[in-house]
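> Residue numbers (our numbering): 38 to 363.
Read the hints as simulated data drawn from the structure, not as lab findings. Given the structure is predicted, the values throughout are model-derived calculations rather than measurements. Mixed in with the good hints, there may be bad ones.
Stated by the list, open to error - Derived DSSO-like pairs: lysine-lysine, alpha-carbon spacing no greater than 27 angstroms straight-line: (1) K66 <-> K76; (2) K77 <-> K66; (3) K79 <-> K69.
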Amino acid sequence: MAELRINNKKKINDVLAAENAEYSDTLSKKLKIIWRRLKKNKMAVLSLIVLIILYSSAIFASLIAPYAPEGTADDILQVDRSPSFRSYEDYTMEGELVKFRPNFFGRDELGRDVFSRCLYAGRISLSVGFVSVGISVIIGTIWGCIAGYYGGMIDNIMMRIVDAIMAIPTFILLVTVMALFTPNIFNVMVVLGLTGWTGIARLVRAEFLSLMQRDFVEAAKCIGARDKRIIFRHVLPNAVNPIIVSATMGIAGAILSESALSFFGLGVQPPTASWGNMLMNAQELNTMVNTPWKAFYPGMLIFITVLSFNFLGDGLRDALDPKLKQ
């Protein structure tokens with residue numbers, strides 16, 4: 038009996054190893070096919086390059102930025118200086134004549150370099166998108182998996198909860214929650230993540246309802262596979278395509294939401310820079326007329342980032358579509 042158990046265990050391990058090897062081989066082939074399809078979409082590739090540049094600039098902001106984002110005491114003498122690509126000389130608070138580096142995006146109402154602040158603000162705005170969408174994907178995927186796999190009464194109850202949450206205006210909910218708690222970067226990420234998972238849950242649930250009718254799911258149940266293994270090993274990998282596309286689009290939406298909250302003073306608080314709170318002064322007509330660069334550059338970065346994510350999401354949707362021919 039002992040030898041029989043050992044042989045059976047060895048056979049099971051061999052089958053699992055062969056299955057994992059086949060899955061890895063299939064995954065690598067799928068990635069190559071997806072990349073080949075994605076390369077055909079020029080706008081998606083261009084958007085990917087732009088996003089890589091933006092994220093690289095944010096990561097290496099300390100090496101690229103010519104000035105500290107919080108400014109110095111001497112900066113007060115450079116208030117609202119217009120953009121310049123040349124170095125210049127000016128006096129400090131002590132009356133010393135020194136040479137200043139170029140201000141590519143000009144200076145703001147406190148004399149701080151807008152270009153440096155935009156680079157450091159990118160760390161906040163871009164990280165908010167990734168972290169909040171990561172929270173949404175985890176919650177939405179687990180919720181949709183359970184609802185779609187078990188179905189019946191469990192599915193009805195869980196999806197009615199989703200419907201109730203989706204009936205609440207998202208932005209009003211965000212504003213309400215942020216007004217109740219201390220506005221900071223952590224709270225912004227958590228609130229955006231906890232309010233943005235419902236769409237992903239519905240997508241995953243719909244995919245599961247479709248995939249549960251397939252033969253490979255019935256075969257897995259017949260051989261006695263556990264529910265956890267069927268969900269995460271067999272069904273979920275086949276439902277990952279809409280999750281990726283939805284997450285890509287969701288990052289753009291999260292960046293816009295953070296910018297809107299910061300614009301109204303309910304998001305990331307000064308002196309920490311984000312693209313949203315850099316636009317707060319754009320509410321004043323005097324700013325837009327006399328010093329438009331203070332609002333133009335962070336606004337343009339938000340526009341380019343959101344547009345790039347949208348184009349990349351469209352490209353991924355086409356590349357991941359199984360109906361397209363190779």
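> None of the hints should be skipped; say for each whether it holds.
Each hint tested on the structure:
1. K66 <-> K76: Cα-Cα ~16 angstroms, so holds.
2. K77 <-> K66: holds (17 angstroms)
3. K79 <-> K69: holds (17 angstroms)
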